[in-house]
Amino acid sequence: MTEPCDRTASELGELLRAGELSSVELTRSCLSRMDALEGRLNAYLTRTDELALEQAARADERIRAGGAPAVAGIPLALKDVLSTRGIRTTCGSRILETYVPPFDCTPWTRLAEAGSVLLGKTNCDEFAMGSSNENSAFGPVRNPWDLERVPGGSSGGSAAAVAAGEAVWALGTDTGGSVRQPAALCGVVGLKPTYGLISRYGLIAFASSLDTVGTFTRSVRDAALLLQAIAGHDPTDATSLAEPVPDYLAALTGDVRRLRVGVITEAFGEGVQPAVAASVRAAVDRLADLGADVGEVSLPHTDYALSAYYLIAPSEASSNLARYDGVRYGLRVPGRDSVEMMARTRGAGFGPEVKRRIMLGTYALSAGYYEAYYGQAQKVRTLIIRDYDAAFERYDVLVSPTSPTTAFRLGEKVDDPLAMYLSDVFTIPANLAGVPAISVPVGLDEQGLPIGLQLTAPVLREDLLLRVADALERELALDLRPAFVR
Amino acid sequence: MPVDIDIEHVARLARLELTPEEKERLAAQLGMILEHAAKVGEVATAEVPPTAWAIPRANVLRPDEPRPSLPVEEVLANAPEVAEDRFKVPRIVEVE
Numbered sequence: 000m001t002e003p004c005d006r007t008a009s010e011l012g013e014l015l016r017a018g019e020l021s022s023v024e025l026t027r028s029c030l031s032r033m034d035a036l037e038g039r040l041n042a043y044l045t046r047t048d049e050l051a052l053e054q055a056a057r058a059d060e061r062i063r064a065g066g067a068p069a070v071a072g073i074p075l076a077l078k079d080v081l082s083t084r085g086i087r088t089t090c091g092s093r094i095l096e097t098y099v100p101p102f103d104c105t106p107w108t109r110l111a112e113a114g115s116v117l118l119g120k121t122n123c124d125e126f127a128m129g130s131s132n133e134n135s136a137f138g139p140v141r142n143p144w145d146l147e148r149v150p151g152g153s154s155g156g157s158a159a160a161v162a163a164g165e166a167v168w169a170l171g172t173d174t175g176g177s178v179r180q181p182a183a184l185c186g187v188v189g190l191k192p193t194y195g196l197i198s199r200y201g202l203i204a205f206a207s208s209l210d211t212v213g214t215f216t217r218s219v220r221d222a223a224l225l226l227q228a229i230a231g232h233d234p235t236d237a238t239s240l241a242e243p244v245p246d247y248l249a250a251l252t253g254d255v256r257r258l259r260v261g262v263i264t265e266a267f268g269e270g271v272q273p274a275v276a277a278s279v280r281a282a283v284d285r286l287a288d289l290g291a292d293v294g295e296v297s298l299p300h301t302d303y304a305l306s307a308y309y310l311i312a313p314s315e316a317s318s319n320l321a322r323y324d325g326v327r328y329g330l331r332v333p334g335r336d337s338v339e340m341m342a343r344t345r346g347a348g349f350g351p352e353v354k355r356r357i358m359l360g361t362y363a364l365s366a367g368y369y370e371a372y373y374g375q376a377q378k379v380r381t382l383i384i385r386d387y388d389a390a391f392e393r394y395d396v397l398v399s400p401t402s403p404t405t406a407f408r409l410g411e412k413v414d415d416p417l418a419m420y421l422s423d424v425f426t427i428p429a430n431l432a433g434v435p436a437i438s439v440p441v442g443l444d445e446q447g448l449p450i451g452l453q454l455t456a457p458v459l460r461e462d463l464l465l466r467v468a469d470a471l472e473r474e475l476a477l478d479l480r481p482a483f484v485r
Numbered sequence: 000m001p002v003d004i005d006i007e008h009v010a011r012l013a014r015l016e017l018t019p020e021e022k023e024r025l026a027a028q029l030g031m032i033l034e035h036a037a038k039v040g041e042v043a044t045a046e047v048p049p050t051a052w053a054i055p056r057a058n059v060l061r062p063d064e065p066r067p068s069l070p071v072e073e074v075l076a077n078a079p080e081v082a083e084d085r086f087k088v089p090r091i092v093e094v095e
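One line per chain: the protein sequences are A and B, in this order. Everything in the first sequence is counted per numbering that gives the first Met the number 0, starting at 0 for the first residue and increasing by one. Everything in the second sequence is counted per numbering that gives the first Met the number 0, starting at 0 for the first residue and increasing by one.
One should not assume that every hint holds.
[Claimed, not checked] Going by beta-carbon spacing under 7 Å, a handful of chain A positions derived as facing chain B: (1) 251; (2) 378; (3) 380; (4) 432; (5) 433.
Derived from the structure by calculation, the hints contain no laboratory data. The model shown is predicted, which means the values in this text are computed figures rather than measured ones. Every residue, glycine too, gets a C-beta built ideally from N, C-alpha and C.
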């Protein structure tokens with residue numbers, strides 16, 4: 000039986016406006032699903048049940064009065080790197096275990112003003128660094144499709160919550176694939192927009208030149224709705240884009256005739272699970288059936304993107320995370336002097352992956368090595384952008400698997416950072432180039448685990464991404480829900 | 000070849016206290032990761048300009064108008080140690 004918490008936001012919005020369902024009922028449905036599953040999933044770090052019910056009651060009044068925004072009354076989860084005033088925000092780290100932000104991030108400010116309902120803050124890899132959610136200081140999240148497997152990361156909690164009906168939709172962040180990869184592994188839609196389309200104000204920084212806020216939804220239409228509510232210029236983020244925001248719902252025409260779809264050659268090589276490659280190829284055939292012009296395209300520097308990313312992201316992280324010094328917020332471990340206090344605080348407060356990246360970044364930026372590592376990586380970034388520019392001269396959107404494999408087992412890659420990093424090999428290039436990309440479910444592998452297809456479009460062409468993704472979703476008409484919640 | 004790193008020096012720069020086991024593990028892991036990352040040198044030739052931001056914005060300014068700041072109590076509420084509306088830190092300067 001389908002509970003309200005299992006439906007799409009678009010369907011729920013209609014039921015709310017028709018008076019057939021109240022936001023309070025819907026919110027209770029999500030909260031009871033959380034009561035039933037959280038003991039096993041661990042998708043949430045903080046629940047805000049009382050606040051959610053208050054916000055739902057207010058949303059019901061607004062909806063009854065008429066003219067409420069599309070997101071009003073729809074229960075949402077926020078990744079715990081997004082600041083929420085008065086609500087603990089931990090980044091999945093011991094160092095911020097008790098931190099309560101004195102301000103809201105802009106995406107939540109906009110959603111709250113539009114009558115959105117906050118269910119809580121979701122678990123994630125510490126400071127969004129990871130691809131399996133096993134780097135959270137508060138325990139891993141489990142994949143609702145198979146509790147022995149990871150949900151992906153770093154926004155694993157948001158992905159699992161949406162897949163399991165513990166939220167109708169959710170926000171995450173994507174620095175190298177942290178929205179798209181968990182969306183693929185949990186069988187939901189994950190959108191990483193153009194860098195700067197959604198404000199980063201109040202997003203606790205990991206790698207500032209790559210960080211984006213993204214959405215987790217059960218349908219492409221929902222992704223368009225949620226994006227519409229939070230996209231657009233914000234004067235409090237200097238990297239926020241000033242361009243006007245188009246009507247994303249209007250892009251969902253279902254028509255992909257004559258649209259040029261380029262399949263990325265490099266994304267079907269060694270290391271890609273055969274079922275993933277087959278499923279993505281089959282989905283591309285369906286786009287061709289719908290009238291799209293399909294061809295192959297090479298992004299020759301794909302191999303170098305991962306190397307560049309693992310210099311650029313840790314370098315920026317080592318600088319951004321210098322602020323956790325035991326002075327203004329977070330943990331403090333006493334020492335004889337300030338320097339010892341800082342070193343002890345950071346040694347005790349950060350987990351292994353965060354330490355690894357701080358060390359890597361500090362080394363790459365240190366005297367004598369800067370040019371050989373960071374400087375060279377920034378040049379590769381130029382080459383990646385040129386690859387995309389050339390590809391987009393011939394194609395409107397590009398296709399690849401989102402991740403080379405479906406969900407892997409807990410513990411499988413924790414001791415091998417390079418193997419873990421490879422999980423993001425197809426998602427990282429879009430962050431380096433700032434272009435938008437979306438992951439849509441296209442099937443299940445032989446073990447019944449979800450497979451994601453990634454579409455990439457030129458800067459600010461979210462309309463194209465959503466149009467193709469929506470057409471594909473309608474054509475495939477999959478009803479992907481884990482047996483666990485049926 | 001894995002890269003050889005002076006872990007003590009980097010940890011000091013990063014203000015990060017590490018256990019002997021952590022140092023040993025990090026030396027091995029970072030050496031491997033950097034060996035892989037050094038691949039960027041294969042294509043990053045002199046004629047390729049570096050990119051710091053994929054979508055650059057120049058001179059982003061806001062009007063210089065006074066605005067209310069965050070409430071002092073709320074900001075200090077997160078501090079590990081506070082004295083007279085200030086963040087309190089251990090001694091920084093040696094006293095003779």
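Legend entry - Structure versus earlier hints - violations, ascending order: 1
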